[in-house]
Each structure stands twice: as structure tokens, then as C-alpha cells.
Amino acid sequence: MQAFRARWQARVRQLRQEVHALLLAYRDPRLPWYHRLLLLGLLSYAFSPVDLIPDCIPVVGYLDDLVILPLGILLAIKLLPPAILEESRARARTAQAQERPRFRGGIFLVLAFWGLGILFSLWVLSKSHLIPGH
Numbered sequence: 125m126q127a128f129r130a131r132w133q134a135r136v137r138q139l140r141q142e143v144h145a146l147l148l149a150y151r152d153p154r155l156p157w158y159h160r161l162l163l164l165g166l167l168s169y170a171f172s173p174v175d176l177i178p179d180c181i182p183v184v185g186y187l188d189d190l191v192i193l194p195l196g197i198l199l200a201i202k203l204l205p206p207a208i209l210e211e212s213r214a215r216a217r218t219a220q221a222q223e224r225p226r227f228r229g230g231i232f233l234v235l236a237f238w239g240l241g242i243l244f245s246l247w248v249l250s251k252s253h254l255i256p257g258h
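Quick note on our numbering: the sequence shown kicks off at 125 and runs consecutively.
Rather than coming from a laboratory, the hints here were simulated on the basis of the structure. A virtual CB, placed ideally from N, CA and C, is assigned to each residue, including glycine. Errors might be hidden in some of the hints.
As the list claims (entries may be wrong) - Across the chosen pairs, the derived CB separations fall in these ranges:
1) Gly165 with Phe232: 37 to 43 Å
2) Phe128 with Arg151: 21 to 27 Å
3) Leu235 with Leu199: 19 to 25 Å
4) Gly241 with Gln141: 30 to 36 Å
5) Pro173 with Leu199: 19 to 25 Å
6) Asp189 with Arg215: 22 to 28 Å
7) Gln126 with Lys202: 30 to 36 Å
8) Pro182 with Arg137: 25 to 31 Å
Could you put the whole structure together from the sequences, leaning on the hints where they help?
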């Protein structure tokens, strides 16, 4: 079980490094506009909280996370000019090696946003008399 976990952690690190390399390649001014457009769509989808297929749908919900996104990353890697890809990978490796501990306070911001959204929804429902007793 320990070996399985170590393999998965290594794969996740590698995938994270590849996505970082794609982000760096996107920012490269030598990249043609059509590659930039492809990377923009892929990276937007990768970092978007909205999925093509909602995760609440059993089995199929994780299809985009486990199949579509990795295939998109593979396609982007295959289509990028080799020189830009290698430079971006080298810069991503360097950045990952020098990575400092990150501030993980963003989760609190997201939770606060969702909490305020729920409170606002309850307030709207109470004003519309959909909640009995109000």
C-alpha cells in the first residue's frame, strides 16, 4: 500500500509540474496564437471550479478529471514546439525545487464565500415566504 501511495504522489507531482510547464509555455511570447488559444482553453478548464461533467454523477462525473483533462494535457504537450516545451519544463522543475511553503488561506476565502452565498440564499428565501414562519 505504501508503494502504491508513493507512486501516485510521484505522478501527481509530475502532473503538477507538467501543468506548470504548460502555464509557462502559454506565457512565452514565441508561442503561436493557435497554441496559445489551445493552452488558454485547457488551463482555464483545469483550474475552473466548474466541470464539464458534474462530479455528483456516479462514475461518469470523474470522467473529465481522469480522462479528458489528462488527454488534453497530452495533446497540448504533443503540439507545443519542442524548444518552448523543454525550456518551460526546465523552468517548472527549477520553480518546484525552490518552492517555498504556500499560504493555504485561500480555502478560508472560498469557505467564507460559500457561507455568505448560503446565508444570502436563506435570506432571499425568508423574504419570499418560502420558509414557513417568516
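Fill in: Numbered hints the structure breaks, given as an ascending list
The structure conflicts with hints 1, 2, 3, although it agrees with all the remaining ones.
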